[in-house]
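**Q** Residues per chain, in single letters:
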Amino acid sequence: MADTLENLKSDLLQAPFCEGLSKEHLEILLGCAHEERILKGRFLFHEGATADEFYIIVSGRVGLELDCPNRGGLGIQTCGAGDVVGTSWVIAPFLWRFDAKVLEDSRLLSMDAAILRERCRVDPVFGYAMLERIAQVKAERLDAARLQLLDLYGNPEEGKHVARTRIK
Amino acid sequence: MSPEPGSSSRTDRTRAALDPMVPRIYSVERIRRNNHDTFTLKLNPADGGKPDPFSAGQFNMLYIFGVGEIPVSISGDPAGDGALMHTIREVGTVTRAMARLKPGNSIGVRGPFGSHWPLETAVGSDVVIVAGGIGLAPLRPVIYQVTANRSRYGRMILLYGARAPKEILYRRQLKAWGGAFDMDVHVTVDRGERDWNGEIGVVTGLIRRAPLDRRGAIALICGPEIMMRFSAQELLRRGMDKDRIYVSMERNMKCGVGLCGHCQYGTRIICRDGPVYRYDDIEPLLGRREV
Chain R
1 MADTLENLKS
11 DLLQAPFCEG
21 LSKEHLEILL
31 GCAHEERILK
41 GRFLFHEGAT
51 ADEFYIIVSG
61 RVGLELDCPN
71 RGGLGIQTCG
81 AGDVVGTSWV
91 IAPFLWRFDA
101 KVLEDSRLLS
111 MDAAILRERC
121 RVDPVFGYAM
131 LERIAQVKAE
141 RLDAARLQLL
151 DLYGNPEEGK
161 HVARTRIK
Chain D
1 MSPEPGSSSR
11 TDRTRAALDP
21 MVPRIYSVER
31 IRRNNHDTFT
41 LKLNPADGGK
51 PDPFSAGQFN
61 MLYIFGVGEI
71 PVSISGDPAG
81 DGALMHTIRE
91 VGTVTRAMAR
101 LKPGNSIGVR
111 GPFGSHWPLE
121 TAVGSDVVIV
131 AGGIGLAPLR
141 PVIYQVTANR
151 SRYGRMILLY
161 GARAPKEILY
171 RRQLKAWGGA
181 FDMDVHVTVD
191 RGERDWNGEI
201 GVVTGLIRRA
211 PLDRRGAIAL
221 ICGPEIMMRF
231 SAQELLRRGM
241 DKDRIYVSME
251 RNMKCGVGLC
261 GHCQYGTRII
271 CRDGPVYRYD
281 DIEPLLGRRE
291 V
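Protein sequences, first through last, are from chains R and D. Using our numbering, the first residue of the first sequence is number 1, and each one after it goes up by one. Using our numbering, the first residue of the second sequence is number 1, and each one after it goes up by one.
If you are wondering where the hints come from, they were derived from the structure by calculation, not from laboratory data. Mixed in with the good hints, there may be bad ones.
[What the hints assert, rightly or not] Quick look at which bits of chain D chain R covers, simulated, 3 or more residues with Cβ under 8 Å:
| # | stretch |
| --- | --- |
| 1 | 22–29 |
| 2 | 52–66 |
| 3 | 184–193 |
| 4 | 197–210 |
| 5 | 225–237 |
[To be verified] 27 Å max Cα-Cα, derived DSS-like pairs, lysine-lysine:
| # | chain 1 | residue 1 | chain 2 | residue 2 |
| --- | --- | --- | --- | --- |
| 6 | D | Lys42 | D | Lys242 |
| 7 | D | Lys175 | R | Lys40 |
| 8 | R | Lys101 | R | Lys23 |
| 9 | R | Lys40 | R | Lys138 |
| 10 | R | Lys138 | R | Lys23 |
| 11 | R | Lys101 | D | Lys175 |
| 12 | R | Lys40 | R | Lys9 |
| 13 | D | Lys42 | R | Lys101 |
| 14 | R | Lys40 | D | Lys166 |
| 15 | R | Lys9 | R | Lys138 |
| 16 | D | Lys42 | D | Lys175 |
None of these values were measured; they are calculated from a predicted model. Backbone N, C-alpha and C fix where the C-beta goes; we use that ideal spot for every residue, glycine too.
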């Protein structure tokens with residue numbers, strides 16, 4: 001048990017999400033954390049379900065995707081070691097906006113977000129520390145989405161008269 | 001040797017007092033499609049001699065007679081004594097004409113011009129290559145050179161972002177490099193497809209997760225300018241120093257030797273003292289409008 005707790009603590013300390021957190025706040029997080037090992041192909045959560053947990057990836061990869069009729073799951077973003085999966089737990093109405101599919105066998109820190117929300121409410125300093133970190137995750141993803149929208153690698157001539165030439 | 005990044009000395013070609021404005025005639029040995037709008041030309045001098053030596057990061061002016069001349073980075077192996085390689089994207093009249101070349105056709109080549117990637121400075125350091133789209137082509141000579149002299153360098157990390165899986169450049173080589181035990185290769189795409197099991201996201205996300213030795217590493221970035229800016233900012237956030245980051249700038253070079261001013265960028269002439277710059281030398285100009 002002690003080993004498990006120590007492992008959890010060590011994993012939490014290494015997560016970028018926890019960088020700069022006070023000892024007390026780390027203890028609160030630790031009290032809400034447990035380790036999960038999830039096999040490739042399983043889903044962490046589905047769009048529309050209640051967001052009562054969030055995850056920090058210790059190892060492995062998780063893909064965020066949206067299910068599209070006749071096209072299956074459309075990948076939006078891949079999360080890897082150190083990344084946070086799930087930010088809807090802190091934003092009303094606390095429902096997942098995407099599906100999260102495990103792309104390779106993963107070890108995760110699963111956080112009980114329902115308890116964390118309550119702790120954020122009663123302890124505004126802890127709440128601010130959490131919101132600050134989730135805002136950082138959101139900002140990084142918004143930047144990424146904007147860059148993807150710009151289609152930086154797209155061919156400026158695309159759709160005109162390019163790439164008609166066949167090379168054997 | 002060509003000038004170190006940021007230096008203002010003239011290129012070898014100019015110093016050698018050869019006429020840098022006269023193209024040498026090369027013959028197309030092979031043309032290979034890389035993806036739907038990108039192809040690689042393999043060229044040999046028509047006079048039977050050897051191609052002019054170059055350093056990783058330099059470019060040539062390629063001339064389709066009667067159509068026009070464009071700057072293209074060299075994407076082959078600097079140590080190889082074989083043919084000259086250029087990876088080209090079809091984006092205009094000249095590149096479309098190049099895509100129609102057949103083996104045996106002639107093409108004019110002036111160069112090599114410009115500064116090169118700082119591979120001597122990188123000796124003993126980790127080398128982090130950050131490439132976006134066709135920006136992998138000017139960095140491929142670096143990969144050849146580092147892998148050929150592996151013991152001289154530390155860890156090698158390649159972070160590559162492409163638009164979509166079908167647009168990934170040098171796919172087979174990426175797989176081979178990734179399979180080598182002494183090189184980390186991470187590829188991401190902006191838009192995945194159903195059969196794509198790799199990463200989806202921007203290349204800055206790869207930087208965030210890369211195992212960087214922030215003090216010892218040297219980073220070489222090439223891709224669209226916005227991608228380079230964001231990548232450099234992410235590397236700085238990871239603790240790298242500005243003087244350990246290099247970028248390759250692209251402007252519409254014409255003369256190649258700093259005479260015409262066509263590629264002027266603020267106080268810089270890209271064809272002469274670029275295209276490779278140390279980040280802190282070029283940073284004040286990046287992202288500025290009307291420069």
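**Q** Output the indices of the hints that this structure fails to meet, ascending.
**A** 1, 2, 6, 8 and 13
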